[in-house]
Amino acid sequence: MSSTATDPWIRRSANPKLDRIMVSPEGVPLNVTVATAGARAGALTLDILIILGLILGVSLLGLLVLWGFESAFGDGIALEDSGPLSVVAVLWIIAVFLFRNAYFLYFELGDRAATWGKRAVGIRVAARDGGRLTAEAVIARNIIRDIELFLPLMFLTSGEADGTMTDFTAWAGFLWVLMFLLFPLFNKDRLRCGDLIAGTWVIQNVKRNLDGVVAPSAELSADPVTGKTASRYEFSDTDLSVYGEFELQTLESVLRTGTDEALATVTTSICNKIGWEPGSGDERIFLEAYYTALRAKLERGMRFGKRRKDKFSKDI
Amino acid sequence: MASMALDPTMEQAIETAALKSDRFRLEREADWIRLEEIVTKMEKGKARRLSDEDVLALPTLYRTLLSSLSIARENSLDAGLIDYLEGLALRSYFLVYGTQTSFGRWLKGFFGGGWSQAIRDIKLDIWIALFVMIAGTLIGYVLVAGDSDWYYALVPGNFADTRVPGATEAALRETLFSTKEHDGLGVFAAYLFSNNAQVAILAFALGFAFAVPSILLLIHNMALLGAMLWVFAQRGLTVEFVGWLSIHGTTELFAILLAGAAGIHVGRSIAFPGSKSHLTAASDAGKRAALVMAGVVIMLICAGLLEGFARQLINDTGLRYLVGGAMLTFWLVYFFVFGRNRTGANP
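Chains as they are written, first to last, in our numbering: chain A, 1 to 316; chain B, 1001 to 1347.
Source of the hints: derived by calculation from the structure; they are not laboratory data. All the pointers check out, no bait thrown in.
Each computed BS3-like pair below joins lysine-lysine, with the alpha-carbon atoms no more than 27 Å apart:
hint, chain 1, residue 1, chain 2, residue 2
1, B, K1041, A, K207
2, A, K273, A, K309
3, A, K311, B, K1020
4, B, K1020, A, K309
5, A, K273, A, K306
6, A, K311, A, K17
7, B, K1020, A, K297
8, A, K309, A, K297
9, A, K314, B, K1020
10, B, K1020, A, K306
11, B, K1044, A, K207
12, B, K1046, A, K207
13, A, K188, B, K1276
14, B, K1123, B, K1108
15, A, K273, A, K297
Chain A extracted, bound-state conformation:
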């Protein structure tokens, strides 16, 4: 199994099957997570709604202009062949064409490489090989969108409207759409046909804030020379040998976000494990001291190339 670049036993996303490594040009492996099919579908739905909204807006604007001409120059003039109607119609056709094709291009060529829909669900387009996302790639992936989505949709709706659609063609069109829509589900990188042709994929955005140091109180009372806490709590090597990295990081998340109740529960279970008598009212100080001592031990091992996954693996 190709392990992730960092701690191999940390789940980075809800579905570890979607975790990938992309090697930057500097040779540093970067962890990325492929966007889920649900996120993709959500983004697409939003984008289609936005495009429909834009088309509707332009149509209303056109009608407004025509109405303005009607009321300004008298009845009927706006509807003459060479009058403003044709100008408005030309603009309308061009605008609709642009919305359908240029909307995706414009936004995916921007710094965030994502349309409004994609931004809303927190995903973006990237080059699969870790290089630059080129304009050609963006054009290619969006041209293919036309056969995947718009053509069959138009084919179906216009056929319905004319009443010329036979059952057979309706079903054939439906199968066609289904084939392309479900394509991402049948490959592990969730590529649609356009991604395949363009050499791109869609990955999740990550935005995390830098939290403070996990155990600040332990540090105030620490002895800088030995790196050990010189406070009320002294842990022996046996006390620290019961847990591994998984437990350490669980403890970290409790310290970062946990309620007082959670702190008390964790304190009790740690004390039971190492055979101490759990006190009360001092849980945070105790846990921070234990966390710091455990992390110091595990990191020391790490520097010598020894790691301990969790409490079930061998002590270092």
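Starting from the structure of chain A, add chain B where the hints point.
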């Protein structure tokens, strides 16, 4: 290192940090936070408001961050910190290696040789598409010549109003040199463009399925043309019909030829990837073909304008040939002569 800029309380915090990995973090976090501020601004599209120092510092800060990340992965068990560094590294990576061509610069490279180069790259596929199109025209002509009922099967209803087998010469001539309907030409042109662009995009995009649908589409469209040609040839109007067609057709058919060739190029690369993997071959061919397709859309805009305005306004067969021939010469010179001596210059 940034430690020179640290204030005394910070230095004290580093001194007293219990863990080496926390000390490592406290020494460097000022740089990370500065990078994060730059990245956030750029992501919000406020890159212009960045100071010159910040812009210059971005690559350095990015590389510093990558090295911090590598060290942290091997030395620190602070999961929150590593998560933060991973996320920031990815965000700044996308900005440092983002789409750096602005749209204007890309356009300049595209017209200044990138487009012609892409077309010369798929020369073989253009020959294939040309062969297919000529074959399609011949098929249409021969089929209708053999049995004129084929005409109704090949030509959709809205074209076949008066242009049907057995129509009189006068009626056919009327369709070629009609002076009516000058009004609403703009709408017609815009509609034609939108419609043709969709056909061209289809011809390209269908190449995905090993090029077979692209070829079928080309044959079908050209068979329609061949069938019409037969109808006009029956009444001795071949020269006039070709003139009527050539005024925009040299541009439009060329565009459809290129779109089909681009589709065939992609399909061929997927079917026969050579020494590359199927996926790499597909994406290389797809990017090359996408350039051609961007050009095809531009050609179709020209063709739509010519069809909507020039064809109805110029009613002389000689002039029509002149315009059509001039357009064809222009495209050929631009694609196959222009920018030749530039060897592999990347746009």
